[in-house]
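Number of protein chains: 2
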Amino acid sequence: MCGGIGSRFWPYSRAHLPKQFIDFFGTGRSLLQMTYDRVLELIPSENVIVVTNEQYAPLVSEQLPDVRPENVLLEPSRRNTAPCIAWATYHIAARDPEACMIVTPSDHLITREQLFIDAIRNGFEFVEERDALLTLGIKPTRPETGYGYIQVGEPVEKDILKVKTFTEKPDLELARVFVESGEFFWNSGIFLWSARAIKDALHRYAADLALEFDKGLNVFGTDGERAFIEQHFPACPSISIDFAVMEKAGNVYVECVNFGWSDLGTWSALYDNSPKNRDANVTQNCNVITYNSTGNIFAVRDEKLVVVSGLKDYIIADAGDVLLICPQAEEQRIKQIVNDVQTRFDDKYL
Amino acid sequence: MCGGIGSRFWPYSRAHLPKQFIDFFGTGRSLLQMTYDRVLELIPSENVIVVTNEQYAPLVSEQLPDVRPENVLLEPSRRNTAPCIAWATYHIAARDPEACMIVTPSDHLITREQLFIDAIRNGFEFVEERDALLTLGIKPTRPETGYGYIQVGEPVEKDILKVKTFTEKPDLELARVFVESGEFFWNSGIFLWSARAIKDALHRYAADLALEFDKGLNVFGTDGERAFIEQHFPACPSISIDFAVMEKAGNVYVECVNFGWSDLGTWSALYDNSPKNRDANVTQNCNVITYNSTGNIFAVRDEKLVVVSGLKDYIIADAGDVLLICPQAEEQRIKQIVNDVQTRFDDKYL
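These protein sequence lines are chains A and B, in that order.
Going by my numbering, the first sequence opens with residue 1347, and the numbers climb by one from there.
Going by my numbering, the second sequence opens with residue 1347, and the numbers climb by one from there.
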């Protein structure tokens, strides 16, 4: 899944070049490419399905030239994760009704790739054998208030347990209790299941969505698929898969993993996951000279030189035609800022 | 005079486009053009001599298309104000030995133009009649520590007094005493004199400089002037006219004026002289959205949008390939910063 707009990283992430397409760590590979490289250890390229917004088709073909054009599903409108996953499921089931799937965002960071691969292999074995929806739960390392949590129940297999509850983002006090209890894991948004299991669950818990796709049962995988989607996809409700299915279904399991994960959902998360210089500044592959400045994150493109004095714990993000300077503690404000910018300048700076 | 490099305004002022060539106030006219417009009220265009570094010849001809090419004196190297003024004096004297001159920097702000014109007319009358070096002293409005001061002595004519002493930049306490005394005026660096008077003074107080130019007495105003300057100008000592002549001569007078002057020598000076929005931010003709931010100065080119939260009394200067964020209180550090930048990146960002 790589159709999101990444507005929490504005202006470094822009509508025309969202976060997942950016080489965030200056490694030469974008987050999307890093995700692709990772799953290629598990899945042959011809079985990798990329779902994105149609506006990003050129970016996907540029960044993932090895993915066949027919494997890139182009959403005509933004409808959150449930319709995205439903389409991919129907598309995959048309090619192989017995298929198992891993569903993953393309803008996460995973640092311990071999542990990731081992965990996914273990999870696939689990979902191949049963009608189960498996989500990956990350062992929490701090009382993070920016993530949803999963409370685990009965153990079933190695590292795999029943899910007791899904919890929305907690406040700090509750997050501390969660972490100390050992019963709560971060909700990663990475899922494993058989196409059959998720289709069944969609019919049961998100019937309107499933019925919309059922109308095209015999077009998926054919030349008619694109026209069908153009007509029916915009009619789908905009809803997340968590809300539509996972929080309602009874056959939900969690695999508890610990492979160095971050959703890179916030500037703070990027800061935490980036190498720091001796003044604890993170300089995203850019030329920075600092005086009396610590704990900042600099996200600046190309050869630009940034000289800063007297800033502590700020975000300094320069995207050519937009510059943002904002305390990291106020990063929640960025969505509001983006709204304000749109109010004043329309889409010019989005 | 418009050959300076304006490094105190780096990176808004750059080696390839220094301060005097920038439209600082978004009025459509650069500081140089504003200076030219001002003197045109007093002096016909054919008598305006522009002295600049040869690297700025294209900028001068672009910004002052009405100034004849032969009136633009191109310095082959930077030698401070005394050699610059000496050359202009010899050049003017060759055209008219009886000429009177106003010598003015091109990067100052003068807000009350009619008072300026009246003062210059009054000053010209004074220097036409006698062997006098007249400097303009600005009535101080605050205990500024960034300016030199002139202590006045005996009154001679309307608003014109003998100079008692020139004083270097004082500390704050001394500056307060100066301002309260009523005897001290800011040294503006604007001078009036006859070509004959300044030539005499150069011979008496800066003989090495005068003798260098005497070698070319019969080339000024001819086709040979350029070649002579190429050969002899670099041999001149690098010295200011204040230090070389004004602080030594006995026939120095000051005209006390009050025409709304700033040398725009610092970001603070620019801040003080610029219109502020309701949050006391100065936005140099750029798109700025601020949250919880006051007292800042934004100097950003073109259509760039700057969004800032939680900054108080900072300079935010973006020059395309360089961004500077620095507390106004630390603006003295900018010269050091420019040195550091040169050490690390050579001339790339100067």
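Check each hint, because a few of them may be wrong.
Partial list, derived from the structure: chain B residues whose beta carbon lies under 10 Å from chain A [unchecked claim]:
(1) R1354
(2) L1420
(3) Q1460
(4) Y1617
(5) N1633
(6) I1635
(7) V1652
(8) I1662
(9) G1666
(10) V1668
(11) L1669
(12) A1675
(13) E1676
(14) R1679
(15) K1694
No lab work stands behind these hints: they were computed from the structure.
Here the structure is a predicted model, which means the values were calculated and not measured.
Where is the CB? At the ideal position from N, CA and C, for every residue including glycine.
Verification of the hints:
1. R1354: violated (14 Å)
2. L1420: With a closest approach of 30 Å, the L1420 of chain B hint is violated.
3. Q1460: At about 39 Å, which exceeds the 10 Å cut-off, the nearest Cβ of chain A leaves the hint on Q1460 of chain B violated.
4. Y1617: violated (17 Å)
5. N1633: holds (7 Å)
6. I1635: holds (6 Å)
7. V1652: Since the shortest Cβ distance to chain A is 5 Å, the answer is holds.
8. I1662: holds (7 Å)
9. G1666: Constraint on G1666 of chain B satisfied, holds at 8 Å.
10. V1668: holds (5 Å)
11. L1669: holds (5 Å)
12. A1675: With a closest approach of 9 Å, the A1675 of chain B hint holds.
13. E1676: Interface hint status for E1676 of chain B: holds (5 Å vs cutoff 10 Å).
14. R1679: holds (6 Å)
15. K1694: Hint on K1694 of chain B: holds, closest Cβ of chain A at ~8 Å, below 10 Å.
Against the hints set out earlier in the document, violations occur for numbers 1, 2, 3 and 4.
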